[in-house]
Amino acid sequence: PSSGIAGDFQLRTMLLQTEDTEYVLVIKTALTSNEKTVQALNESESRYQAIVSNTPGMVFEFKQDSNGEIQFLYLSEGSRPLLGFAPEQLYENANLFFSILNSRDHANLNAKIKKSVSEFCVLDWEGRVWIDGWQDNKWINIRATPRRLNNAEVVWDGIMFNITQSKKEKLDLENSRRDLAELTAHINTIREDERKRIAREIHDDLGGN
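Numbering-wise, my numbering puts 55 at position 55 of the sequence shown, and it's gapless, one number per residue.
One should not assume that every hint holds.
Stated by the list, open to error - Keeping only pairs whose Cα atoms sit at most 20 Å apart, straight-line, the calculated DMTMM-like set for lysine to aspartate or glutamate is:
1) K138 to E77
2) K114 to E77
3) K168 to D105
4) K63 to E92
5) K138 to D124
6) K167 to D205
7) K114 to E174
8) K115 to D65
9) K114 to E126
10) K114 to E69
11) K170 to D105
12) K115 to D157
13) K63 to E126
14) K115 to E126
15) K138 to E182
16) K168 to D136
17) K63 to E77
18) K115 to D172
19) K112 to E77
20) K167 to D124
21) K167 to E119
22) K170 to E182
23) K138 to D105
24) K115 to E174
25) K114 to D124
26) K138 to E126
27) K167 to D136
28) K63 to E88
29) K63 to E119
30) K112 to E69
31) K138 to E92
32) K63 to D136
33) K168 to E126
Hints listed in this document are in silico derivations from the structure and should not be mistaken for laboratory results.
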C-alpha cells in the first residue's frame, strides 16, 4: 500500500494479486479542512526542521519574564557543539549559559538585552564563553529579533554563531597593523636621528675648514 496528497485529495493505492491476475486498487478521498490544516502544519514543520538542521550554529528562542529572568523556549541541537550543553539542560536552567560568559561580556549582554526591550530593536551581541569541559575559549555572536506576547513578556527568536575564527583573524589583523605602525614610527625615529647626526658632522667639518 502507498498514499500521497494531490491537490485537495488523498490517493491511496494497493496492489492486489490472484493466482494469474494483478489489480491496482486506487482509493481517492477528499480531505476535510482539518486534515488539510494538519497536513500543512506537518509540511511546515518538516521544512522548518530541515532548515534548522542544516543551519550552522544554534537556533534559539528565549523570553524575559516580568522579573527579568531569562528562559529558553526552544534550542536546536547546535547547542551541544557550540556551548557543550544539551538543549534539555538549558531548558531546565538558563543560567548555565550565563555562567560560562566572560564577566565583562555578560554585563554587555545584559545591557544589550535592556536596550532591545526599551527600543524594541534587534539584539546584536558578541562575546566570549569558556567551555570548561573542553578547556576551550570561544567567541560567539547572537542576533535575535524581539516580539511582545499578550502578557507583555518579550520573546526573542534568533541564532547563535561561533565566530572564533573570524574574530581571531580580525584581532591578528589589528595586531599586525599596530606592529606596522610601531615599526614605521621606529624607522622614522632612526631616520631623524641619522639626519641630525649627518647635520652635526657637516657642521663640524665646515667649522673646521
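Results for each hint:
Restraint check for K138 and E77: the C-alpha separation of about 18 Å stays at or below 20 Å, so the hint holds. Distance hint between K114 and E77 is unfulfilled; the C-alpha atoms sit about 27 Å from each other, more than 20 Å. Between K168 and D105, the direct Cα distance comes to roughly 17 Å. Compliance with the 20 Å bound is thereby established for this hinted pair. Taking the CA atoms of K63 and E92, the gap is near 14 Å; set against the 20 Å cutoff, the hint holds.
Restraint check: the Cα-Cα separation between K138 and D124 comes to about 17 Å, which is no more than 20 Å; the hinted pair holds. Between K167 and D205 the alpha-carbon distance is near 57 Å, which puts this suggested pair outside the 20 Å criterion. For the given pair, K114 sits about 30 Å from E174 by alpha-carbon distance, which is inconsistent with the 20 Å threshold. The straight-line distance between the Cα atoms of K115 and D65 is roughly 16 Å, inside the 20 Å bound, and the hint therefore holds.
Our distance criterion of 20 Å between C-alpha atoms is met by K114 and E126, whose separation comes to about 15 Å. Between the alpha carbons of K114 and E69 the distance comes to roughly 12 Å, so the proposed pair stays at or under 20 Å and holds. The straight-line distance between the Cα atoms of K170 and D105 is roughly 18 Å, inside the 20 Å bound, and the hint therefore holds. Between K115 and D157 the CA atoms are separated by roughly 16 Å; this keeps the pair inside 20 Å, and the hint holds.
Straight-line distance between C-alpha atoms of K63 and E126 comes to about 19 Å, which keeps the hinted pair within the 20 Å bound. For the proposed pair K115 and E126, the alpha carbon gap of about 15 Å is at most 20 Å, so the pair holds. With a CA separation close to 29 Å, the supplied pair K138 and E182 exceeds the 20 Å bound. For the hint pairing K168 with D136, the CA-to-CA distance comes to about 14 Å; that is within 20 Å, so the pair holds.
Between the alpha carbons of K63 and E77 the distance comes to roughly 19 Å, so the proposed pair stays at or under 20 Å and holds. Pair hint K115 plus D172 does not hold up; C-alpha atoms about 31 Å apart against a cutoff of 20 Å. The straight-line distance between the Cα atoms of K112 and E77 is roughly 25 Å, outside the 20 Å bound, and the hint therefore fails. Restraint check for K167 and D124: satisfied, since their Cα atoms lie roughly 15 Å apart, inside the 20 Å limit.
Distance hint between K167 and E119 is unfulfilled; the C-alpha atoms sit about 28 Å from each other, more than 20 Å. For the hint pairing K170 with E182, the CA-to-CA distance comes to about 18 Å; that is within 20 Å, so the pair holds. Proposed proximity of K138 and D105 is supported: the alpha carbons are some 12 Å apart, at most 20 Å. For a cut-off of 20 Å, the pair hint linking K115 to E174 is broken: about 29 Å separates their Cα positions.
Proximity of K114 to D124 is assessed by CA-CA distance (about 12 Å); at most 20 Å being required, the pair is judged to hold. Note on K138 and E126: the hinted pairing holds, with a Cα-Cα distance of about 10 Å set against a maximum of 20 Å. The hinted pair formed by K167 and D136 meets the criterion: a straight-line CA distance of about 15 Å does not exceed 20 Å. Straight-line distance between C-alpha atoms of K63 and E88 comes to about 16 Å, which keeps the hinted pair within the 20 Å bound.
With a C-alpha separation of about 16 Å, the suggested pairing of K63 with E119 holds against the 20 Å cut-off. At most 20 Å may separate the alpha-carbon atoms for a hinted pair to count; K112 and E69 meet this at roughly 15 Å. Between K138 and E92, the direct Cα distance comes to roughly 23 Å. Violation of the 20 Å bound is thereby established for this hinted pair. Annotation: proposed proximity of K63 to D136 is violated, straight-line Cα distance about 28 Å (limit 20 Å).
A threshold of 20 Å between alpha carbons decides the hint, and for K168 with E126 the separation of about 13 Å falls inside it, so the pair holds.
The structure fails hints 2, 6, 7, 15, 18, 19, 21, 24, 31 and 32 (numbered hints given earlier, in ascending order).
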